[in-house]
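There are 2 protein chains.
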Amino acid sequence: MLKLHHHPMSAASRFVRIVLAEYGERVELFEEKPWERRREFLALNPAATLPVMIEDAGPPIVGGIVSGEYLDETRGAFQRDKRLMPDKPIERVEARRLTEWFLGKMDGEVTRYLVKERVFKLDMAPAEGGGPPDASAIRAARANLKHHLRYVAWLAESRDWLAGPRLSYADLAAAASLSILDYLGEIAWENEPAAKEWYMRLKSRPSFRPLLTERVRGVAPAGHYAELDF
Amino acid sequence: MLKLHHHPMSAASRFVRIVLAEYGERVELFEEKPWERRREFLALNPAATLPVMIEDAGPPIVGGIVSGEYLDETRGAFQRDKRLMPDKPIERVEARRLTEWFLGKMDGEVTRYLVKERVFKLDMAPAEGGGPPDASAIRAARANLKHHLRYVAWLAESRDWLAGPRLSYADLAAAASLSILDYLGEIAWENEPAAKEWYMRLKSRPSFRPLLTERVRGVAPAGHYAELDF
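Top to bottom, those sequences are chains A and B.
For the first sequence, the tail end lands on 230 under UniProt numbering, and the numbers increase by one without skipping.
For the second sequence, the tail end lands on 230 under UniProt numbering, and the numbers increase by one without skipping.
Looking at chain A on its own, in the form it has when it is part of the complex (with noise of 0.2 Å):
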């Protein structure tokens, strides 16, 4: 079976989490706090990121994106019309530049930095980085978000889903991200009617269930988080 080493706060880890179970696959979970080095995590991973697939007792397979190649290549590949990515290599160019903008770019300027202000450093001790939360971090972060949410807005309005005319990749990225602001309540959903309607349609996927139950400790979720019609 299937292993990850994740974080129900890491919107890689919720990306891969989401790619395994739209393909019915089942993962034996084991969550990993990143920041605090672990050696053994640092063996599989010496970027200490997350998460961390493992195939059998195959090598470790690093990273959101890296995760989603090898399942597109192993598993989607076979999957006809449930293929989470485009069947022409230049429609898979747009799914994998919006995969990247939400695990990266999105990541790197807001969701990271929320869930480390937020989240992580409860946790953290003083030698690892906690203490208060930095408030700059947190407004900065607040005003990127509004324009990704923007974004997805907008591809939502041109598009079936955001990359194009079928689910792919770029919907589960950017959902898995979402998803994670959203139990926050860092999202206003009602300046964005087209970005709530497409996350709705995301919501209701079996594959998002058991993202919706769990729960962070120390942080109890936004009301309306795990509502299908919210």
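Hints were generated in silico from the structure; no laboratory data involved.
What you are looking at is a predicted structure, and each value in this text was computed from that prediction instead of being measured.
Everything hinted at is true.
Remember, identical chains collapse to one label, so a pair may be satisfied in a single copy or spanning two.
Below, simulated DSSO-like cross-link-like pairs (lysine-lysine); rule was C-alpha separation at most 30 Å, straight line:
hint, residue 1, residue 2
1, LYS121, LYS3
2, LYS196, LYS105
3, LYS82, LYS196
4, LYS33, LYS116
With chain A held as given, fit chain B onto it using these hints.
What follows is chain B alone, placed relative to chain A:
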């Protein structure tokens, strides 16, 4: 013909140029200064990152990793033993991990900082972020570089090529990054002989030649930069 919006001091741009040269593809180059945020360029790539590749009248292919995947699917997959990605999905995992390491992690911790402080700032207006170099950013990037160079040396000591027995994207991504730092005279090769031996092998490849003769306005390369036996 392929078009590439690039900058000579962008590691991901160099990576794509080397891949194209390895596959014998001709490409028309357009130098882009990303900090100028040209409207036409932002329309191609709202993230304003380099490179952006265009094939025929197709949609923009954004970034080193996405361009690399596209070229693997449309060129590499048909190259038999000259393919720059391993044949098996589980082996491609390591090549992808390292490509991301050098174009993502190392770029964000070393290359991009040194290039910004030592090259781009010479050319930037004050409103664009120009001004004197930030000594503490340079110091931090140089400290990080030591670890990355050690990692390259360790990989080169343990394997024939960085990701395994064959030349792959991992080598080209690492060499693309290191060639920029070498131009700037930032690399203490004498401390890491295994990294140096590996880099000499890369540097002697015909695909590297155009990079070694290119000069950046206002910044002379280190004396040994273009020498194959340095």
